[in-house]
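Q: Letter by letter, the chains look like this.
There are 2 protein chains.
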Amino acid sequence: MNFEFTVLGTGSATPTLTRNPSAYLLTVDNEYFLIDCGEATQYRLQEQKIRHTRMRHVFISHLHGDHYFGLVGLLSSLSLNRRTEDMTIVGPRGLAEILTIQFKHSESILNFKVNFIETEPEKAQLVLDHPLITVETIPLQHRIPCCGFLFKEKQPKRKIIKEKLPENFPIPYIHQLKNGQDVTDELTGKVYLCSDFTTEPTAPKSFAYCSDTAYDEQKIEQIRGVDTLFHEATFAENELQRAIKTNHSTAKQAATIAQKSNAKQLIIGHYSSRYDDLSGHLTEAQSVFKNTKLAIEGDTYKI
Amino acid sequence: MNFEFTVLGTGSATPTLTRNPSAYLLTVDNEYFLIDCGEATQYRLQEQKIRHTRMRHVFISHLHGDHYFGLVGLLSSLSLNRRTEDMTIVGPRGLAEILTIQFKHSESILNFKVNFIETEPEKAQLVLDHPLITVETIPLQHRIPCCGFLFKEKQPKRKIIKEKLPENFPIPYIHQLKNGQDVTDELTGKVYLCSDFTTEPTAPKSFAYCSDTAYDEQKIEQIRGVDTLFHEATFAENELQRAIKTNHSTAKQAATIAQKSNAKQLIIGHYSSRYDDLSGHLTEAQSVFKNTKLAIEGDTYKI
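For the record, the sequence lines run as chains H and E.
In terms of this note's numbering, the first sequence opens at residue 577 and continues consecutively.
In terms of this note's numbering, the second sequence opens at residue 577 and continues consecutively.
Take these hints with a grain of salt, some might be off.
Each pair may be met inside one copy or between any two copies, as identical chains are not told apart.
Claimed, not checked - Below 27 Å or equal to it, Euclidean Cα-Cα: the simulated BS3-like pairs (lysine-lysine) are:
# : residue 1 : residue 2
1 : K738      : K821
2 : K699      : K680
3 : K754      : K689
4 : K821      : K689
5 : K738      : K840
These aren't lab readings, by the way, just hints derived from the structure by calculation.
For reference, chain H alone in the conformation it holds in the complex:
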């Protein structure tokens, strides 16, 4: 199953012409899950040629503008573009009110239904049980209520060994085998053992998104062993005091969380506008956690 992460915006609060505000796209199989939606994210999605009919879920971490000011524009444009599929928006208290009041004043009725799921950022909670994945919130420590999101692939199905299957083997039987069940042929009574015709599925993968947050070890237990951790690294260690003061993290702190939670891969982002060159962030993080990558706008990362 396709499970990857595309970076649309790596900036932080202060706007620059070289970085877009926070927005990320998780691709699971053929479905898109948008994570945060800073101003002008709809243009980033257009650039990536994302088919919006396949994007049915948006996750908003918190109500600082660099994480959600683009949402009202995105929804308006989807409606203008005649979208009819439901959209589920997972976000904090207040988001529904902010969107609703704007549609009220523009006298707009969206062409599609919006389902709001309100997060309670102070506790981990299951916010989505989707056929492909589950999503839990990750409580984060920031200046206003804020949570990350832990995306866990559901147990993938067993893999069929095609060469071993009899010719014209009925499709419902194949599904039974994929689901780990033995099959008894209704006509002949012959038994096909799942273990003979399938191999073990790949292990389910997981992805944790943690932005914005101070250095905080409380989340480690929840994200332990995650395949890919995205962790904000607004600052480098030279601005540790500013990171503490503003409830953000340094690259080294992000790497420490990755190392302590035994993540397999770390991607850092949400860079302060004071840094043009990010090689310091990378070196600093890799000194603690080797498999660190910089989030680069437009790039896609396998989870």
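On the provided structure of chain H, position chain E as indicated by the hints.
A: For chain E alone, kept in the frame of chain H given last:
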């Protein structure tokens, strides 16, 4: 006095990668007046290297998103960039509420004071009396309450004939002459006639901004003789029925308003995303009103 108009966004509701949503900057002397503020306008201002300390007034025509979704982000960023100058926002009922609720949820307190002036789009009203200009609303006919703005330069001062002035002529006396007053020298009693030392000032200029609007002759009396008319031309005549249905105008209709109001120059913009090539708009408009220009993003037009 410098009096010019810079185009930041020429798109209409449906977003494209080739046009930005509505935003225009009027420059009067050294002051900037922002007119409409679609999504991502703050980046357009950065590209134009606009000194935000000189921008103290924002005018919002109506609450369709392509005309104001960028305002909350602009204000947030100005505050992050430590602006302290007051900002006056002229816009329709609802705008203050929309902004306030977003700052409440982000727990943001702006570094500067915002003065809201609420328009009453159904009638022409004086909304700003500034040392350099006055601004009146222009009632427009659209799907939701909407008004344009008529910017009128105040009577410019008389021009000093420098060669005629005595050496070391006191500056307060110069100001008296510029204001049209004769001067009596306190020491010598000598009288300096204003008519001897100054020439007539240039005629005060005016600029009318009309977007979004159906074809509507009611505004003609108010804007008669305007130096520059910006009028929306969402469609060309091939989409006249759509223009009527959506309360927008065609290029030809915009030109008809310019011609009937005896404007000196017409600039058209707010183009529908269905038009890549705008030469049809221009030809059509010029067939009715010769001195028509297309609004081009990044370009500045003398008024």
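Q: 27 Å Cα cut-off: does K821 pair with K689 within a copy, between copies, both or neither?
A: between (40 Å within a copy, 25 Å between copies)
Q: If the cutoff is 27 Å on CA atoms, where do K738 and K821 land: within, between, both or neither? Let me know, please.
A: Classified as neither; 58 Å inside a copy, 58 Å across copies.
Q: Is it within, between, both or neither when you check K699 against K680 at 27 Å Cα-Cα?
A: between (32 Å within a copy, 22 Å between copies)
Q: With identical chains, the pair K738 and K840 could be close in the same copy or across copies; at 27 Å between alpha carbons, which is it: within, between, both, or neither?
A: neither (32 Å within a copy, 77 Å between copies)
Q: Within a copy, between copies, both or neither: which one fits K754 and K689 at a CA-CA cutoff of 27 Å?
A: Answer is neither: 34 Å inside a copy and 64 Å across each miss the 27 Å cutoff.
Consistency with the previously given hints fails for numbers 1, 3 and 5, ordered from lowest to highest.
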